[in-house]
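Can you build the whole structure from these sequences, using the hints too?
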Amino acid sequence: MENDIILEFKDVTKKFPGVVALNDVSFKIRRGEIHGICGENGAGKSTLMKILSGVYPKNTYEGSVLYNGEELRLGERAIQEAGSKGIAIVYQELTLVPTMSVGENVYLGREPLERGSIDWNKLYADTRGILEKYQLDVPPQAMVKSLGVGKMQMVEIAKALSEDAKVLILDEPTSALSEAEIDRLMDILKTLKKNGITCIYITHKLEELFRITDKITVMRDGKEIVTKPTMEFTQESLVSYMVGREMKERFPKAKRLPGEVIFKVENLKALDPDDASRGVLNGVSFEVRKGEILGIAGLMGAGRTELVMTLFGEYAKIVDGKITLNGKEIKPTSARQAINAGLSLVPEDRKGMGLILIQSILKNISLPNLDQFSGFFRIDADAELRASLTQSKSLTIKAPSLESTVETLSGGNQQKVVISKWLLSKPSVLIMDDPTRGIDVGAKYEIYKLMNELAEKGVAIIMISSDLEEVLGMSDRVMVMCRGHSTETLPVAEATVERVMTLATGVSSDEKLMKAN
Amino acid sequence: MDTTNQNALKKEGFLSELYGVLRLNIQTYTILLALIGIWGIFFFTTGGTYLASQNVSNLFRQMSVTAFLAAGMVLVIVIGGIDLSVGKLAGFVSVVAAYFQAHIWFEYLPDQPLLAAALTVVVSLLVGALFGALQGYIIAYLRVPSFIVTLGGQWLLNGLILLVTAGKTIPANQPWFSDIAQGYVPVTWGWILGLVAIAFLFWSMFNSRQSKQKHGFALRNIYIDLLATGFAALIILIYVYNVNSYKGIQNPVLLLAVTAMIMIYLANNTRFGRYAYAIGGNREAARLSGINIPRMTFNIFVLMGFLSGVGGIVLASYVGYGTIAAGAGYELDAIASCILGGTSTLGGIGTIQGAMIGALIIASLSTGLQMMNVAPAWQYVLKAIVLVLAVLADVYFKKKG
Numbered sequence: 001m002e003n004d005i006i007l008e009f010k011d012v013t014k015k016f017p018g019v020v021a022l023n024d025v026s027f028k029i030r031r032g033e034i035h036g037i038c039g040e041n042g043a044g045k046s047t048l049m050k051i052l053s054g055v056y057p058k059n060t061y062e063g064s065v066l067y068n069g070e071e072l073r074l075g076e077r078a079i080q081e082a083g084s085k086g087i088a089i090v091y092q093e094l095t096l097v098p099t100m101s102v103g104e105n106v107y108l109g110r111e112p113l114e115r116g117s118i119d120w121n122k123l124y125a126d127t128r129g130i131l132e133k134y135q136l137d138v139p140p141q142a143m144v145k146s147l148g149v150g151k152m153q154m155v156e157i158a159k160a161l162s163e164d165a166k167v168l169i170l171d172e173p174t175s176a177l178s179e180a181e182i183d184r185l186m187d188i189l190k191t192l193k194k195n196g197i198t199c200i201y202i203t204h205k206l207e208e209l210f211r212i213t214d215k216i217t218v219m220r221d222g223k224e225i226v227t228k229p230t231m232e233f234t235q236e237s238l239v240s241y242m243v244g245r246e247m248k249e250r251f252p253k254a255k256r257l258p259g260e261v262i263f264k265v266e267n268l269k270a271l272d273p274d275d276a277s278r279g280v281l282n283g284v285s286f287e288v289r290k291g292e293i294l295g296i297a298g299l300m301g302a303g304r305t306e307l308v309m310t311l312f313g314e315y316a317k318i319v320d321g322k323i324t325l326n327g328k329e330i331k332p333t334s335a336r337q338a339i340n341a342g343l344s345l346v347p348e349d350r351k352g353m354g355l356i357l358i359q360s361i362l363k364n365i366s367l368p369n370l371d372q373f374s375g376f377f378r379i380d381a382d383a384e385l386r387a388s389l390t391q392s393k394s395l396t397i398k399a400p401s402l403e404s405t406v407e408t409l410s411g412g413n414q415q416k417v418v419i420s421k422w423l424l425s426k427p428s429v430l431i432m433d434d435p436t437r438g439i440d441v442g443a444k445y446e447i448y449k450l451m452n453e454l455a456e457k458g459v460a461i462i463m464i465s466s467d468l469e470e471v472l473g474m475s476d477r478v479m480v481m482c483r484g485h486s487t488e489t490l491p492v493a494e495a496t497v498e499r500v501m502t503l504a505t506g507v508s509s510d511e512k513l514m515k516a517n
Numbered sequence: 518m519d520t521t522n523q524n525a526l527k528k529e530g531f532l533s534e535l536y537g538v539l540r541l542n543i544q545t546y547t548i549l550l551a552l553i554g555i556w557g558i559f560f561f562t563t564g565g566t567y568l569a570s571q572n573v574s575n576l577f578r579q580m581s582v583t584a585f586l587a588a589g590m591v592l593v594i595v596i597g598g599i600d601l602s603v604g605k606l607a608g609f610v611s612v613v614a615a616y617f618q619a620h621i622w623f624e625y626l627p628d629q630p631l632l633a634a635a636l637t638v639v640v641s642l643l644v645g646a647l648f649g650a651l652q653g654y655i656i657a658y659l660r661v662p663s664f665i666v667t668l669g670g671q672w673l674l675n676g677l678i679l680l681v682t683a684g685k686t687i688p689a690n691q692p693w694f695s696d697i698a699q700g701y702v703p704v705t706w707g708w709i710l711g712l713v714a715i716a717f718l719f720w721s722m723f724n725s726r727q728s729k730q731k732h733g734f735a736l737r738n739i740y741i742d743l744l745a746t747g748f749a750a751l752i753i754l755i756y757v758y759n760v761n762s763y764k765g766i767q768n769p770v771l772l773l774a775v776t777a778m779i780m781i782y783l784a785n786n787t788r789f790g791r792y793a794y795a796i797g798g799n800r801e802a803a804r805l806s807g808i809n810i811p812r813m814t815f816n817i818f819v820l821m822g823f824l825s826g827v828g829g830i831v832l833a834s835y836v837g838y839g840t841i842a843a844g845a846g847y848e849l850d851a852i853a854s855c856i857l858g859g860t861s862t863l864g865g866i867g868t869i870q871g872a873m874i875g876a877l878i879i880a881s882l883s884t885g886l887q888m889m890n891v892a893p894a895w896q897y898v899l900k901a902i903v904l905v906l907a908v909l910a911d912v913y914f915k916k917k918g
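Chains U and B supply the protein sequences, listed in that same order.
Once you know that position 21 of the first sequence is 21 in our numbering, the rest is easy, because the numbers rise by one and skip nothing.
Count along the second sequence from 1, add 517, and you get the number used in our numbering.
It is worth saying that the hints were derived from the structure and are not from the lab.
Any given hint could be a false lead.
[Stated by the list, open to error] The calculated lysine to aspartate or glutamate pairs, modelled on EDC-like cross-linking and capped at a C-alpha distance of 20 Å, are: (1) 351/U with 801/B; (2) 193/U with 172/U; (3) 731/B with 403/U; (4) 255/U with 476/U; (5) 50/U with 70/U; (6) 317/U with 801/B; (7) 223/U with 62/U; (8) 731/B with 382/U; (9) 729/B with 380/U; (10) 253/U with 70/U.
[Unchecked claim] Heads up, incomplete: computed chain B residues facing chain U, CB under 7 Å, no partners named: (11) 635; (12) 696; (13) 786; (14) 787; (15) 788; (16) 795; (17) 799; (18) 802; (19) 805; (20) 807; (21) 811; (22) 862.
Here the structure is a predicted model, which means the values were calculated and not measured.
Built from N, CA and C at the ideal position, the CB exists for glycine as well.
Set out below in structure tokens:
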């Protein structure tokens, strides 16, 4: 029954400068099913969905997408076209206007008019109709910002359904949800299915795939690896489909001899600063030795960035636990305290948090270290120059001069500026949050070499990365985080991709829980 | 760092390098050209009297109150804030200064004019800094947007001015106090100061070249540096010559020059300045670099208040009394001076030097139009056009560059 296929991808290829994001992807989605798509970060899931929802219009990719048997040709106003054809997407980052009511958000840009003015009664009545039909438990007149993340997501879904969506794409819908909210979402998806709506469910949480989907497509490195009914997968086979590739020689190897423990975190607990009812860190323990690289692995939303920002005194309020650095207990409540104690942080978002793009390399490097060159009144320009120059030379930053503004540099060189800035503060522990994100292969290799050199000099490095290969390739030990707590810390020899993924997806802890029950 | 780059620069001719420097700093030069253009136009339309020594003297004195405010405002805008209260704060300080002279010191220290003037200055500066501290505390630590806090501050000050003056004009004309803004630097001293300033300009130019050379940075052609410094020196000479043939450099202008130099130093050569520009450039990165943003914000508003105090003293001393209308609208002139001088409303960018030139442009326009007897209605229209055109040119060149 060919017309049972609502969507078909045929040889879809999408290239970005230097990267093939999608490589010859072909598979079909049946009407009325919940179709799961999974894969590691960067596997191409989100790119595929952006093609479907019109973010990348027809002429920007190769191959074709058939919708109800006809080719989907989205042109100039592709996102609106996709919407009007019945394809709607619920993004990872919610796209609601927080200061408007639920009804206003649902009908934003399509407000029902009555002789030129908005017919508020109809707007709220229609909103209520949709909410009730799909059993979404949200009051239509409530202000969106007063709702929790779970309810906001319901509003997003209602918004999509109000446009008469036939296909609903959910991109990592549970990354910010609590367990109860996830249960609620699963119920909603079942209701949608009953009403004949096709759902594409993108996630890398295996348990959710097994719980809700009818079919699963596994993607890896921009390719479709396998598509088959959920029943035919096991946890293990799914993981091996997701990661099944060999390690290449991407990482410079180094012989390291870690020294004594220099940094120790015990049972750290902290609350979400925006929502004190939610714990972001629910018990994290680990230790790092001098001259060691500790990798932190985990999925998106596992709390890795939250952990390092909290250690740096700039995120969540610590409610429990103990942090010891150089034998002294520290309680960082600001970046300045953390820096003075001997921590440095290369943050995740290089442009947003690491650099002042409109300023020179020199000023960026010296910014956190000005107390080294100045008293209260005067910055010793000579000393500042000397120190920054030494630093930039040893990291081989490629730029016309130290006076070039940082915004003119390539991603790799920008990252070197961030690292220079933090090395100048002579840290005992260097925290690097996704240090090679968005930079090219050559620059990555240089940063890996630099990390090895630093470790040899006795710096303890904590590295977070969303690239699991990188974590395994660079670390001496790997700590795996899942839902805000540390699961296990493995020596790198024991840390196989499968083992880490199993820990990160929380499968083993679920089993433990089940046994405990 | 890159030696090939250096050599390439050396090989190029003087003229093409000069062109390159001009292009690179086109924003700075557009504003200077605008100033010279305005002076030129008024010079011809007034038949030369516009640049006569008495008028030049007036021009610089007229800009001084706004310029004190603008010097602080640059940093406020650089960290991403705004201060709408500075005009009224200067006004309030001028009224307080008048009140203390007329009612307090006159009663308790009737025969000690110097002490009375000194105490007036101290009280005035304290009032300015304290009011800045109050606003700064609410902005930095209670996190109320500066726009709102300082708008409220403006209203509050209006009320305070009415309370202190009770609606009447208070004289502020003690001899020592009046000298602050009405006095002149003796002619010989004027020349000495001018020459010292010129010597300083050349010294700092050679100093900076030497430091660059030591660290292997590309040096600009020495003639370009000499040309630029020589031009600045020439301006100083002309100015000193011009005002000395009237009565000499006015005290408030000297005070302004010193204040501006301190502020320039603060902005460029201290941690305080660096941190301010870092906060405006990227708040998050600044925070993660260990900068205490609330404390910096507080300090900058205290400094702004202090400078408003200085402005208020000059205002009271110059006009000779405190009135209910004192300082009205000065905050907008100060903000306009900053914007004209290249301060970005988005924060992170702006120089004290630029704001000083901006203040001079605004004063030049006002005096010129008044001399030409242009009706006040048209004065506003022309000022509006110049302000918007100047910023438009800036936007245009930024896009091109």
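Hints the structure violates: just list their numbers, smallest first. The structure conflicts with hints 10, 11, 12, 21, 22, although it agrees with all the remaining ones.
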